[in-house]
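Residue numbers (our numbering), protein chains in the order written: chain A, 1 to 363; chain W, 1 to 363; chain D, 1 to 363; chain L, 1 to 363.
Hints may contain errors.
[Stated by the list, open to error] Using 30 Å as the maximum straight-line C-alpha spacing, the simulated DSSO-like pairs for lysine-lysine come out as follows: (1) L:274 to W:75; (2) L:88 to D:161; (3) D:191 to D:99.
[Said to hold, decoys possible] Under 8 Å between C-beta atoms, here's a sample of chain D residues computed to sit facing chain L: (4) 161; (5) 177; (6) 206; (7) 247; (8) 260; (9) 263; (10) 284.
It should be emphasised that the hints constitute simulated quantities derived from the structure, not laboratory data.
We put the beta carbon where it would ideally sit given N, CA and C, even for glycine.
There are 4 protein chains.
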Amino acid sequence: MAGNTTGKMFSVTTFGSSHGRALGAVVDGCPAGLELNEEDIQVELNKRRPGTSDITSSRSEQDQVEILSGVFEGKTDGTPIAAVVYNKDVDSAAYEDLKNKPRPGHGDYGWISRYKHYDYRGGGRGSGRITIGHVIGGAVAKKLLNTVNIKVIAHVTQIGKVKSHKVNLDLIEEYSKRNPVRCADPQAANKMEEAILQAKSLGDSIGGIVETIIFNLPAGIGEPVFDKLDGDLSRALMSIGSVKGVEIGFGFDLAESTASETNDEFYIEKDTIKTTTNTSGGVLGGISIGMPVVMRMAVKPTPSISLLQKTVDLERMEESKIEIKGRHDPCICPRIVPVAESAVAIVLADHMIRSGFINPCHL
Amino acid sequence: MAGNTTGKMFSVTTFGSSHGRALGAVVDGCPAGLELNEEDIQVELNKRRPGTSDITSSRSEQDQVEILSGVFEGKTDGTPIAAVVYNKDVDSAAYEDLKNKPRPGHGDYGWISRYKHYDYRGGGRGSGRITIGHVIGGAVAKKLLNTVNIKVIAHVTQIGKVKSHKVNLDLIEEYSKRNPVRCADPQAANKMEEAILQAKSLGDSIGGIVETIIFNLPAGIGEPVFDKLDGDLSRALMSIGSVKGVEIGFGFDLAESTASETNDEFYIEKDTIKTTTNTSGGVLGGISIGMPVVMRMAVKPTPSISLLQKTVDLERMEESKIEIKGRHDPCICPRIVPVAESAVAIVLADHMIRSGFINPCHL
Amino acid sequence: MAGNTTGKMFSVTTFGSSHGRALGAVVDGCPAGLELNEEDIQVELNKRRPGTSDITSSRSEQDQVEILSGVFEGKTDGTPIAAVVYNKDVDSAAYEDLKNKPRPGHGDYGWISRYKHYDYRGGGRGSGRITIGHVIGGAVAKKLLNTVNIKVIAHVTQIGKVKSHKVNLDLIEEYSKRNPVRCADPQAANKMEEAILQAKSLGDSIGGIVETIIFNLPAGIGEPVFDKLDGDLSRALMSIGSVKGVEIGFGFDLAESTASETNDEFYIEKDTIKTTTNTSGGVLGGISIGMPVVMRMAVKPTPSISLLQKTVDLERMEESKIEIKGRHDPCICPRIVPVAESAVAIVLADHMIRSGFINPCHL
Amino acid sequence: MAGNTTGKMFSVTTFGSSHGRALGAVVDGCPAGLELNEEDIQVELNKRRPGTSDITSSRSEQDQVEILSGVFEGKTDGTPIAAVVYNKDVDSAAYEDLKNKPRPGHGDYGWISRYKHYDYRGGGRGSGRITIGHVIGGAVAKKLLNTVNIKVIAHVTQIGKVKSHKVNLDLIEEYSKRNPVRCADPQAANKMEEAILQAKSLGDSIGGIVETIIFNLPAGIGEPVFDKLDGDLSRALMSIGSVKGVEIGFGFDLAESTASETNDEFYIEKDTIKTTTNTSGGVLGGISIGMPVVMRMAVKPTPSISLLQKTVDLERMEESKIEIKGRHDPCICPRIVPVAESAVAIVLADHMIRSGFINPCHL
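From just these sequences and the hints, can you work out the full model?
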């Protein structure tokens with residue numbers, strides 16, 4: 001399939017652009033018999049909706065979802081689940097000026113090089129808004145994973161130079177919901193919010209780190225040698241706009257260590273094999289081992305800033321400058337949290353079916 | 001396709017295990033008309049061969065490749081290129097003891113959980129030896145990429161806490177070849193070698209960082225939104241055994257920065273669009289922009305060490321201990337260099353065809 | 001991808017059911033720069049719309065299409081083209097009675113066996129109505145093929161025992177449009193219409209044969225050994241509801257022949273290689289040879305008939321009987337014509353890109 | 001994946017050519033725990049081996065298979081099963097003359113058009129000899145299907161104008177083994193053999209029909225709407241060299257019938273749903289219904305004949321003539337029987353896993 005579809009048995013195809021008529025997704029391969037309604041998806045979309053706090057874009061979108069197919073009498077029926085969100089608050093005026101001038105840090109130049117004819121309004125399909133499709137797919141995937149008790153939780157662990165303290169794994173979900181930054185450490189959350197507001201006040205933006213944790217994933221998930229679980233998860237996370245790095249377990253810290261320091265040793269707890277430490281992040285040799293899967297991703301500062309920047313005018317082939325107006329997030333980390341969860345959930349739903357843990361046809 | 005095949009238009013399927021009869025690969029989708037012979041592949045295999053220095057495993061394998069198909073009169077003919085390497089120096093005695101005891105840091109436990117019936121000898125198909133398949137595929141991909149002037153170079157930038165200084169991009173290939181560590185900074189290389197030998201003398205192993213650079217990739221490569229270039233590259237690198245993190249451009253450092261500090265501004269040099277800095281690592285919005293693509297991957301210390309470690313006996317379901325004998329690398333970074341190049345080259349060959357830059361049928 | 005997506009570089013994902021909210025398709029991998037508007041798709045949908053003559057179902061649907069994405073300033077922009085048709089004239093009353101009774105000749109029993117939870121209304125996603133998705137995909141594919149002068153024409157050559165005479169290839173398109181049966185031989189068309197009306201008057205239905213011809217396909221299209229052109233075309237045609245046989249060129253007649261009678265000999269006409277006969281139907285060894293590609297498919301009588309039939313009650317697990325009411329086509333051949341064209345066009349668009357004849361990114 | 005791989009969960013990749021060094025296949029996605037040895041594959045290869053009777057090619061090949069990977073202690077271990085057959089009796093002299101002259105009815109011209117650089121010796125990878133790969137894949141698939149009691153049997157039902165009488169389904173396997181034609185009706189078999197020998201004596205060849213039957217396939221197999229069971233089977237059969245038509249159940253006869261004559265009515269036999277007739281050939285709406293699946297394929301006469309034929313010299317671009325020497329089958333039907341079984345078994349193994357009837361990881 002072409003690049004807007006992902007997944008082999010549980011597939012998600014997304015469509016739409018920032019300023020076009022609508023955005024949406026088709027979820028195929030979801031087994032029949034899963035309870036699903038529009039509210040299940042709406043709840044997830046609301047988490048990534050803009051305009052909900054001082055630290056997000058002011059674009060006002062309700063992002064109301066409509067399910068077009070795939071649900072019969074309140075349950076999936078094994079046919080594709082199509083869902084759509086119409087764009088309502090489109091204001092393309094701010095982009096007319098940017099038509100031939102690729103924005104630094106944005107995908108414009110690559111898109112123009114590749115497709116020649118490019119919808120420059122709001123970044124077109126290069127916009128973060130297209131993750132509505134991810135979240136629709138993720139909402140279905142999460143409901144499916146719930147049936148086997150798997151949970152995916154993302155939270156912010158760093159904004160700029162502000163780092164959160166370690167929070168007990170079991171508390172992260174609850175604690176991170178309590179503030180707009182989506183950080184489980186309340187004191188760090190305050191400082192993070194300040195850092196974001198400061199960047200905003202300067203017409204600037206700031207980066208951060210988002211951690212995603214998978215709970216209750218059984219051992220044995222992941223398909224060597226090219227469809228390894230960590231490989232597929234990395235691809236899914238790295239494919240989210242603004243993500244520039246992914247690590248699992250102790251990640252880059254392992255590069256500085258010796259095996260005697262970091263090999264996770266096995267032991268038995270209540271008839272279950274566990275490891276005393278989890279430097280591996282729950283995946284060894286590309287296959288899950290029954291420990292929590294822990295990944296972190298580096299999120300760069302939102303490239304749209306109102307400061308004057310140098311660029312080129314592609315039509316005139318001369319150097320030029322731009323000031324980006326539009327409505328932008330001074331830090332995308334809080335809103336990327338549900339997208340990271342969705343991206344991971346989609347990969348897991350696919351791998352759970354591919355590994356024989358979820359029946360491909362019906363629950 | 002199942003998990004041992006990768007690539008959509010340029011596909012590589014690999015097979016074989018550490019102590020089985022043979023390993024190899026089938027490369028499908030290579031256009032006809034590419035000059036190719038066994039020596040082209042052998043040269044690459046020799047770079048990852050064990051037993052070539054003090055800092056690699058002592059297993060003695062010539063890894064002689066035989067091309068079985070796909071080449072006619074010295075050129076590819078558009079049919080699948082199958083190539084095979086027979087295992088010669090197999091010594092499974094050391095593994096008998098490990099049969100039911102998963103080695104800490106190794107994939108054994110995941111493989112056993114997934115497949116039940118597991119070839120434990122030498123790590124089976126979880127062994128690093130299976131990257132012979134990657135390198136066969138990579139050798140063909142590199143030759144194909146050469147026809148459009150694209151080059152992929154990997155080198156070691158860190159071993160344990162020893163970091164190399166920045167070396168001019170153009171010198172990396174030549175300089176990194178001059179020492180067994182494959183580091184382009186000669187002074188750092190010496191210290192890295194020492195660090196590896198020290199770990200070895202302690203029966204331990206050590207991690208590091210390998211950087212891979214793509215030269216001369218045109219703008220416009222990468223397929224949003226799920227088959228982004230950086231996403232596919234991350235997956236390929238993360239799927240190499242022992243890799244636990246991947247970053248592109250400034251990667252995790254971007255998390256600590258603001259956009260005004262790190263947005264790459266565009267300018268024109270000799271009719272070509274370039275960026276003044278390259279924090280993005282040559283990919284924006286998942287599509288290449290014509291700048292060098294720079295990725296780093298975190299390599300954990302080889303998990304096989306001779307020190308006594310705790311594990312469990314899966315048959316008896318009781319806690320146990322192991323000492324791993326066998327022949328192992330005290331640091332896998334030097335030998336992972338050609339594998340990283342191969343993994344990246346395979347992704348690029350595929351994407352170049354998918355983007356219309358290389359004809360899918362013939363050169 | 002899961003089963004509702006087809007195509008590797010040019011992909012079509014369809015969704016929706018007979019009595020659900022909407023049906024539609026997402027077309028991914030269409031190069032940017034193709035002129036496309038809703039009317040282009042509407043024209044094709046109108047060809048398969050019910051209620052247009054005495055010999056089709058009386059369900060009254062305008063099948064008005066809305067393009068949701070992928071078109072910018074009148075041209076495709078390389079992003080997925082989503083298009084949707086809302087169901088308007090849904091009347092599920094007639095199906096309540098059939099809920100647990102699989103209709104003979106219909107897919108109900110297989111669907112129930114596979115998915116357990118089944119949308120029985122109007123045949124759910126087993127309905128012929130789902131070919132709206134095929135036609136949306138086909139409309140885009142046809143426009144794309146037009147840019148390289150390729151044309152796909154289907155027409156009816158047999159209804160029951162009434163066979164059309166051979167009509168000159170160049171006249172088939174025009175002549176077959178002149179009657180509701182879509183047969184290029186006007187005298188046969190009259191008899192076919194009679195045969196259909198007679199079946200209708202008896203509460204019965206009748207089968208037939210639809211031929212599809214590809215004009216101006218260059219030599220070299222088709223990917224051995226598993227993605228052969230004739231293999232992929234057969235799959236596409238056989239996957240249309242009610243199709244039970246596919247043949248290419250002289251097809252089953254070749255089974256009765258000798259090579260000396262039927263081998264197509266090559267000759268040269270105006271610097272072009274041609275064959276004196278075309279028993280092969282334009283494909284040899286799975287690759288096109290530059291001659292017209294000619295396929296025929298056997299269409300069974302529509303299984304929905306109003307006559308009393310034996311079946312089983314799956315809930316009570318006892319034998320039972322049904323009379324199918326609803327609104328049905330006494331012969332599906334005329335309305336399957338645009339679907340066959342679409343199915344073939346989708347395969348060709350994909351293979352033309354995969355063969356390097358159409359640029360995958362932009363026109 | 002590229003065109004030499006087929007299957008989504010159970011994948012077969014084949015390689016090799018008629019006169020190259022070797023042919024073979026890599027079977028990926030076979031669950032661990034299946035008993036498998038070289039003899040299991042050899043038995044199947046022997047069925048398609050040439051030189052076994054008067055009515056097959058005289059090329060003398062033992063087609064000795066070697067398993068390179070994927071089997072550990074007599075059982076599959078979930079890793080790819082690579083198997084190879086070296087070419088032994090290669091005689092390319094006869095083909096030197098045909099280098100630039102495409103043989104009528106053969107794939108040469110399409111291959112040259114597509115790939116430019118073409119291995120013309122023995123038809124290269126367009127040769128029937130490449131079905132060694134199919135049979136290797138099929139042998140593994142059959143063993144896997146045996147574990148769930150599914151059996152695939154093919155036999156010859158027609159040669160030229162000689163048709164076999166109907167033979168009871170349960171006797172076909174045994175009876176068709178008793179003669180070199182592989183026809184279950186002994187009297188027809190005699191006449192078929194005569195017809196083949198007569199064609200041979202005239203330097204000609206003759207076509208026929210091969211029927212393939214799947215026994216014990218459960219209801220619910222097949223993935224609408226593009227991966228229907230009959231669609232995928234048609235593609236697999238049509239992709240075998242020389243096949244020009246495929247039908248399922250009553251196939252083309254249904255085109256001449258009415259629904260009241262041919263709808264299969266349901267009834268209950270020992271708690272199982274069955275149909276009184278099987279005009280559908282066991283598949284409705286693309287999904288199996290638990291009845292035997294019956295397909296027929298039209299096989300054209302082998303295009304290689306020794307009679308003088310017209311063709312063109314592609315180098316000189318002038319009309320020319322050829323006499324094909326080499327060693328050829330006067331009728332390919334008998335040797336295509338195991339290939340048809342293999343092609344069908346590969347599709348079924350894949351669909352059984354995709355439908356949740358066979359665990360993807362282990363038995």
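* Against which earlier hints does the structure fall short, listed by number upward? -> Numbers 1, 2, 3, 5, in rising order.
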